[in-house]
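Peer 1: Residue-level listing of the chains:
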Amino acid sequence: MKIIVAIKQVPDRDAQVRIDSSGKWIEESDIQYALNEPDAYALEEALQLKEKHGGEVVVLSAGPERVGTTIRETLAKGADRAISIACDDLGNRDALGVARLLAAAIRPENPDLILTGLQSEDLGLGQTGVIVAELLGLPHATLILHVEKSDSGLIVKRELEEGWFQTVELPTPAVLTMQSGGNKLRYATLMGIKRAKTKEVRQLVAADLGAESAPVVALEKVTLPQRQKSTQILTGTPKEAAAALVEKLKFEVRVL
Amino acid sequence: MSGILVVLESREGRIRGIGWEALAAGQLLGAQLSMLVGAAVLGADTEFLAAEATARVTGAVIRVEHPMLAQYTADGFKLALQQLIEKEGPAYVVLPHTYQVRDFAPALAARMGQVLVSDVVAIADGPVFTRQLLQGRLNGVYRPAGAGPCFVSVQAGAFRNAWSAEKHEGSSELCQGTTSVVPQIPQCEAGALAPGGSVSTAISVFAPTIDPAQIRTKPGEPFRAGAQTVDLGSAQLIVSVGRGIKEQDNIPLVQELATALGAELAASRPICDIGWLPMERQVGSSGQTVSPKLYLAVGISGAIQHLVGMKGSQCIVAINKDPDAPIFEVADYGIVGDLFEVVPALTEAVKAAKG
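Protein chains in written order, with my numbering: chain A, 50 to 305; chain B, 1020 to 1374.
For reference, chain A alone in the conformation it holds in the complex:
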């Protein structure tokens, strides 16, 4: 099975974000970046499918130069090779624009399966995989926890709301967006890190892919969210704060 895993590099979860001078995005220079967590689960599922059924795992990502670090990380975990789309204006493209880039890079590869995380931790649009499927004319399923190969295609476990699940059968080639938690994520081994250095990373340039980039929907500005409640912050040493909270729980919330 030839599997393409589309991944995204996103600001690290603990990064302190500041709005930049344009007011349209965050200050990027002083933050750490990491692999989008749902994409890490997509990669893990791909690696496990390859271990069971053989084949190839190809990682695909678009973004500025810094994305190379995250791509190396996925190669160290076991992906066979990667395709990197150099794109400095990723943030100006909407979900359709980004999906067009990815679809253009996927088309000549003719994979059996395309996996990606269900959403990114930065924009949280949750659409890229579904749109890629639409652009490639492939069936898709979202919020997938588990993938099994069947005679005619795939049987997948899909998460529904409020603790419900369903299985979905679909033919290949197909696109699946992966939910987190289906597998235990692996770490890169020292050997893996060494090997990653010699693995192929094919460089593409966004402009060469012929994908339209004019957005249908534009992010006009970013703002700090307004507090929905006036939070009373209890200060002091841990002991003092704890004592103050117990007072509140006893006399105001009345649960003690």
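Simulated from the structure, these hints should not be mistaken for laboratory data.
Treat the hints with care, as some may be off.
Derived Cβ-Cβ restraints for the label pairs, each shown as a range [as the list claims (entries may be wrong)]: (1) B/P1297 with A/P274: 28 to 36 Å; (2) B/A1164 with A/P274: 20 to 28 Å; (3) A/P274 with B/Q1051: 15 to 23 Å.
Ideal Cβ positions, reconstructed from N, Cα and C, are used throughout, including at glycine.
Given chain A's structure and the hints, the job is docking chain B onto it.
Peer 2: Relative to chain A, chain B alone:
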């Protein structure tokens, strides 16, 4: 119909609450733009759904009916709605941001050269749409630039107030779609929801063309994983733990606090994903929705998916080292500090208070 088309979502033959919230958002938009608001219900037999919808929808209600829509598939819904939208030509299509909508709406929009503005929490003049970024740490304001129908999905809870404010104007529980009573509409209360009682909600049927061969996926019946032994929904007090706990070995620290308070222990998704606590203790959009008297969040940053499941709690207390964590936006009381110092101190203080 130009104007606004709201796609109502149903489950087990009833329109879901979040469907009404999407309608409230659609009506907000309709008031802003002076546009009519109609709604669509989809299925193999939509008579009851349409009757339920007429009680609240001021514009036309369209029954999108086809045997292939009996069970949800992305292909079926995509085909049916594309044909409907091409025929009706709405300026806006408003949907609830459910797992189902996330499954088909991005593809539907893309198919029509559009982009879904997903998970919207506010609508302002323009119109511009606000959605959350970076797990709720920032808001982003989006403006549709293109021509053609604009697709918008709204977050669960974001327009609930708009919905319930309107709900209280209605006089009969029967017509609100949240009770389990079979709706006896349109005769009963259709006029009560529209000032002046001038409602003449038209119901029409739209039969899309769907070839069974176009449905490529085969969905199974929904099931639950194993027996649910924890009912967080009825718990009065909940202590919930998130990534801040760092290691599985630290879980007992929070368990002790829960025990001292007499509270149930719950967790955010990452903790259950790693297997430190069972999935059935998960609070959030993919887990349980809770509204206890006290929700004490320990080391939980407050991602959108988590907040959706707990922000209806009567009192929310957050303990977190990051003063900018989104959890503080919904908290009544907060302690900014190291949970490994604060939690043991709190456990001791609770024990002492309880004597």
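Peer 1: Against each hint, give a clear statement of whether it holds in the structure.
Peer 2: Do the hints match the structure? See the list:
1. For the pair B/P1297 and A/P274, the supplied restraint of 28 to 36 Å holds, since their beta-carbon distance comes to about 32 Å.
2. Between B/A1164 and A/P274 the beta carbons are some 24 Å apart, a value that agrees with the proposed interval 20 to 28 Å.
3. Between A/P274 and B/Q1051 the Cβ separation comes to about 22 Å, which falls inside the hinted range of 15 to 23 Å.
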